[in-house]
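Which chain is which? The protein sequence lines are Z and L, in order.
Just so we're aligned, residue 27 is where the first sequence starts under this note's numbering, counting upward by one.
Just so we're aligned, residue 45 is where the second sequence starts under this note's numbering, counting upward by one.
Please note that a few of the clues may not be correct.
[To be verified] With a Cα cut of at most 16 Å, we get these calculated EDC-like pairs of lysine to aspartate or glutamate: (1) Z:K439 to Z:E260; (2) L:K302 to Z:D178; (3) L:K302 to L:D278; (4) Z:K71 to Z:D91; (5) L:K302 to Z:D91; (6) Z:K384 to Z:E345; (7) Z:K461 to L:E95; (8) Z:K341 to Z:D132; (9) Z:K267 to L:E95; (10) Z:K367 to Z:D68; (11) Z:K367 to Z:D390; (12) Z:K461 to Z:D443.
[To be verified] Covered stretches of chain L (chain Z as the covering partner; in silico rule of three or more C-beta atoms under 8 Å from a C-beta of chain Z): (13) 84-90; (14) 195-201; (15) 283-289; (16) 292-303.
I should point out that these hints are in silico values taken from the structure, not numbers from a laboratory.
All C-beta atoms, glycine included, are put in the ideal place defined by N, C-alpha and C.
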Amino acid sequence: MNKTCAFALATLAAALSLPAHAQTEIQWWHAMSGPLGEWVNDLAKQYNASQTDYKVVPTYKGTYDESMTAAIAAFRAGNAPHILQVFEVGTATMMASKGAIKPVADVMKESGAKFDPKAYVPAVAGYYTAPDGRMLSLPFNSSTTIFYYNKDAFKAAGLDPNKAPATWPEVALAAAKLKASGHRCPFTTSWISWTQLESFSAWHNTLFATLNNGFGGTGARLAFNTPLHLRHFENLANMSKQGLFIYKGRGNAADVSFPSGECAMMTGSSGLYSRVAKEAKFAYGIAALPYYPDVPGAPQNTVIGGASLWVMAGKKAPEYKGVASFFTFLSNAEVQSASHKRTGYLPITTAAYELTEKSGFYKDKPGTDVAVTQMIRKTTDKSRGIRLGNFVQIRTIVDEETEQIWTGKKTAKEALDTAVQRGNEQLERFQAANK
Amino acid sequence: MEKRVRFRSTWLPWLLLAPQLAVIGTFFFWPASQAVLQSVQQQDAFGLSTEWVGLANFQRLFADPLYVESFTTTALFSALVAVAGISISLLLAQFADRVVRGAMVYKTLLIWPYAVAPAVAGVLWTFMFSPGVGVVAWGLRELGWDWNHLLNGRQAMALIVMAAVWKQISYNFLFFLAGLQSIPKSLIEAAAIDGAGPWRRFWTIQFPLLSPTTFFLLVINVVYAFFDTFAIVDAATQGGPGKDTAILVYKVYYDGFKALDSGGSAAQSVVLMVIVIALTVVQFRYVERRVNY
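Isolated chain Z (complex conformation) (with noise of 0.2 Å):
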């Protein structure tokens, strides 16, 4: 008995013992649930299992708005994690911040890490770069966004299952015949602001919203009620009424539609590549997002989404040196190529990229390209990216007035006029606020 005891006592103090110098602990905090949060927890596993010194610790806080309030909350109270994953609407407000951030090009600067901005995709890094050309904060999970479609339905309605609508005419034919098939979703999306009002912009090669979507500046106003954005309106408002468009709520709610086979046809995020591989039991097919083929300069490149590693001010030195070191694993090109792979979000560096092409992903697994041909290009100073102050609000005003479109509330120009001019009153604030 005693025995026993004392070599337990041994064990334990064993045990103890162990760690010969103290690890630094980083905290991480992100949004990220379901497949996507295991993924993040693996990166951690694996920075953590490639050194010795830093201990990376990925906490889940809830939605990116949940996750953000809860940093600013901690930020208050003295205890801010060392990284915050923030979406991208969330960017002007926390490069406003300046106090509140320390930005990733100083932190690598700092911590003598090997640091070159050239080495990430322009039109994804371009997103999260301050006009001085310093890089704020580390893309990490872009995505952007796609089109999705069942095979299966595409083959019960009559229509080629391996030929994807490529324009929004052929979407609403489309509709119509698997809504004749007895198709009781036939198109549906998520994210109304960011498919068909942001990135429809860019890949119309439209503004937005003025002085290059707000890259040019915060005097930026909305410019989204064109006669463009207005025919596009128009036209779903009509599929919507007879029952080819159905509405299926706000931010990504429609996301759950497409893989559980309910609606047939669907644009979203890239990032949602993940769970439809794992939860859908048909033929999927992805394609890039359709457009207006009489509209010159379309298609042109769509928006990202997703988000970006911030990193908090008021940390100590060793402690951002370990971030710098994780950001260098996060940006190697074998990390990033087989979270591309995993996750359907945009590989962060051209490197990545090449490594994916060359491992033959892309022909197996067709249409995981897509995101990245669409995002790829050059882009031009209207399709670069949408930069505006109180976004989360815009988005909110932007899914308010639509969703009278397809009420039958407002037409569709009273509801693009509204939100025009609601969301602007929000930009005015911004500016006032950030002189």
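Since the structure of chain Z is provided, determine the placement of chain L on it from the hints.
Same frame as chain Z, now just chain L:
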């Protein structure tokens, strides 16, 4: 003849009150004063810069026609929640009071929903009524009723009222049941001997004797509908379609926690606070007169 008990010492009553005062001070007066303070400030998201803006936050609110509109939505929502919540739970309490066999089982089951968090209640009801996949929505469609609260404002309102009422019924039920059980059986038996039926006994004896409980619950339910229901709205409708279910407290939550506008959000909670204080005063001045203690 003074009926009140008088303390001889001056500090003892304060000492006895202290724990309660501390709780109220920490959890009510302190946050409330913070809200008032923030409502005249403009702060950035991380609280790095604070600017005094006077009444600008309030001016902006009332210049927004959509904010003014949401008063109507809130009034409708609160009235529905309070009336439905109180009458359904009174009915259930009345039944539970009469049940002889298995009374504990019924009571326990009726009290359960109170342990459910509002956000969970919202999600639960949204799942059941989710157009396309929800059990209830599917059943309604089989019956020929097309349920889609994503596009139908009235259905959306019905959904959040149902979720809010369901969540609050247990609380009301407990008070009503306790109230009913404290009514002397002799009164009811005497009335029964005199030939009064259950309906008559309820309206002439039980309901008037329950009036203090009903009044208390009215106040509590109105406060609940005004303040505690944002999680239900957030989980079920997010204020949509359009602004049809955007009640005042939801905008407080949205502006404060999603839009990160602490000044605007605080100004709105001050407005809400004023409304609820006013409503409570009205209730005490006019409704309480009709209450028999």
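Okay, the hints, checked on the actual structure:
Straight-line distance between C-alpha atoms of K439 (chain Z) and E260 (chain Z) comes to about 8 Å, which keeps the hinted pair within the 16 Å bound. About 40 Å separates the Cα atoms of K302 (chain L) and D178 (chain Z), which puts this hinted pair outside 16 Å; it is violated. In summary, the hint linking K302 (chain L) to D278 (chain L) is supported, as the alpha carbons are separated by about 11 Å, within the 16 Å threshold. At roughly 25 Å between alpha-carbon atoms, K71 (chain Z) and D91 (chain Z) are farther apart than 16 Å, so this suggested pair is violated.
In summary, the hint linking K302 (chain L) to D91 (chain Z) is supported, as the alpha carbons are separated by about 6 Å, within the 16 Å threshold. Simply put, K384 (chain Z) and E345 (chain Z) have alpha-carbon atoms about 36 Å apart, too far for the 16 Å limit, and the pair is violated. Between K461 (chain Z) and E95 (chain L), the direct Cα distance comes to roughly 13 Å. Compliance with the 16 Å bound is thereby established for this hinted pair. About 13 Å separates the Cα atoms of K341 (chain Z) and D132 (chain Z), which keeps this hinted pair within 16 Å; it holds.
The hinted pair formed by K267 (chain Z) and E95 (chain L) fails the criterion: a straight-line CA distance of about 48 Å is larger than 16 Å. Our distance criterion of 16 Å between C-alpha atoms is met by K367 (chain Z) and D68 (chain Z), whose separation comes to about 14 Å. Distance restraint check for K367 (chain Z) and D390 (chain Z): the Cα-Cα separation of roughly 11 Å lies within the 16 Å cut-off, and the hinted pair is therefore satisfied. For a cut-off of 16 Å, the pair hint linking K461 (chain Z) to D443 (chain Z) is broken: about 27 Å separates their Cα positions.
Counting residues of the segment 84-90 of chain L whose CB lies closer than 8 Å to any CB of chain Z gives 4, which reaches the minimum of 3, so the coverage claim holds. With a cut-off of 8 Å between beta carbons, the segment 195-201 of chain L has 3 residues touching chain Z; three or more are needed, and the interface restraint holds. Judged by the Cβ-Cβ criterion of 8 Å, the segment 283-289 of chain L is covered by chain Z as claimed, because 5 of its residues qualify and three suffice. With 4 residues carrying a beta carbon less than 8 Å from a beta carbon of chain Z, the segment 292-303 of chain L meets the three-residue requirement, and the given coverage holds.
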